[in-house]
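Visitor: Each chain, letter by letter, is given below.
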Amino acid sequence: MSRVRDNYENSRFRRLLRWINGETDPLEGKMEMKPLREEELKGESVYDPDRIDRARVERYLDDVERNTEMRAFRVVYRLGSVALCLLLIAALLYAVSWMPAVGDANAPANNEVSQRYVEQGLEEVGAVNMVTNMILSYRGFDTFGETCVLFVAATCVIVLLRRRRDDIEKAKETDWKYEPKPDAILQQVTKVLTPVIFLFGVYIILNGNLSPGGGFSGGAVIGAGLILYVTTFGFHRTQRFFNEKTYDCVKVGALTLYSITMIYYFYTGANGIASLFGTGTAGNILSAGMLLPINIFVGLEVACTMYCFFALFRRGGM
Amino acid sequence: METFKIILLIFLILCAISVSLIKNYLISVIVFMSYSLVMSVIWFLLESPDLAITEAAVGAGVSSILFFVTLRKIQALHGSEGEEKDEQSQG
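So the protein sequences, as listed, match chains C and V. Anchor point for the first sequence: position 196 equals 195 in numbering that gives the first Met the number 0, and the numbering is continuous, going up by one each time. Anchor point for the second sequence: position 32 equals 31 in numbering that gives the first Met the number 0, and the numbering is continuous, going up by one each time.
Each statement offered as a hint is correct.
Cross-link-like lysine to any residue pairs, in silico, SDA-like; alpha carbons within 25 Å at most:
#, chain 1, residue 1, chain 2, residue 2
1, V, Lys-4, C, Leu-91
2, V, Lys-4, V, Pro-48
3, V, Lys-22, V, Ala-59
4, V, Lys-72, V, Val-30
5, V, Lys-4, V, Leu-44
6, C, Lys-190, V, Ser-63
7, C, Lys-244, C, Ile-157
8, V, Lys-22, C, Leu-15
9, C, Lys-190, C, Tyr-246
10, V, Lys-22, C, Leu-83
11, C, Lys-190, V, Val-61
12, C, Lys-244, C, Leu-254
13, V, Lys-72, C, Phe-232
14, V, Lys-22, V, Ser-63
15, C, Lys-190, C, Thr-230
16, V, Lys-22, C, Leu-16
17, V, Lys-72, C, His-235
18, V, Lys-4, C, Val-95
19, V, Lys-22, C, Arg-11
20, V, Lys-22, V, Tyr-34
21, V, Lys-72, C, Arg-163
22, V, Lys-72, C, Leu-311
23, V, Lys-72, C, Arg-161
24, V, Lys-22, C, Arg-77
Distance windows between CB atoms, simulated:
#, chain 1, residue 1, chain 2, residue 2, range
25, V, Leu-44, C, Leu-60, 48 to 56 Å
26, V, Met-0, C, Leu-60, 56 to 64 Å
27, V, Glu-46, C, Gln-187, 33 to 41 Å
28, C, Leu-78, V, Ile-12, 21 to 29 Å
Here are some chain C residues pointing at chain V (derived, C-beta under 7 Å):
#, residue
29, Pro-211
30, Gly-212
31, Ser-216
32, Ala-219
33, Val-220
34, Ala-223
35, Ile-226
36, Met-305
37, Phe-312
38, Arg-313
Don't read these hints as lab results, they were simulated from the structure. None of these values were measured; they are calculated from a predicted model. The C-beta atom is built at its ideal place from N, Cα and C for all residues, glycine as well.
Work the whole structure out from these sequences, hints included.
Guide: This is how it looks when you write it as structure tokens:
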């Protein structure tokens, strides 16, 4: 008889019922829920009557046997969350089923605008890479806005996470303690890899008007290379060639030059971006007018932003 | 090629589901990283190599590193306990 009872207690249905009734917490003891440091570690008395009272009240509130409101809330909450999830999945799948198939000739994206970009792009702007034609020339205003968004995001991170100067001085002493110990394999691999990564990033930026990629991708690659160098050799060695002053100069300089270019572009009626230097021979790196300088500016901006995010998250300064 | 695409898509869905189910944060971030790598291969197969480069650099590289740094800051990674003790004994 007891075996039947045990089988019932462990059955899937009974477990689901217990979960719905809120008798067990399925995540208890399985999820990593490590709290931040407890207050009592700082030497306060353990026998705090207020805290004991609070604990008692909380225990009562969590006791679903007596607290019927809590039990009803838990049932509604759990069933509601599952229903909401399923509803959201169904709605999204239904919406996707209305989208045109990939490569459909009648899709709304294949209208006369994109046709003009494809047919006239090479002639009007002069870059072989059609995507660069589009995002830096025809849709230059959007890309300029995106770069400004990156600048604002980096500024917000600096405002939120930056430490005071004496805090950084203090952190410098403990900086190596938190780093993994200088690892011979990692350092040798980084010594070989970092120049290749930087070179690849520069290649992507400079060939932005010829091959896939451009300012954003190349800048992200260079930023990732900088982060790899910092994690291996620490901030002390990186500050020899890239400190906060360099960061300010490069970032603000790139954005200012980019703005001046875009002002010229808008002033000449939004189709003069190629006319300053002419379109040149399609297929050369030095072609397509202002697209190459703009790619370089975007790349510098993105690389600085990536590195800035990492440095501020890591130690609150550069 | 079709089979390869289907295998990649299945792997993508498995990664996406398991990220939310894995309870160890470190493994979860690494699975998220592999999700980004598979996604970049899929971008390449969908004939947008510039997106593939960006996805590999940003999705698999920088954002995972930011996750690691944040996990370390909130002391949710394994092995941070020893350092905590060091800090307390010295300071």
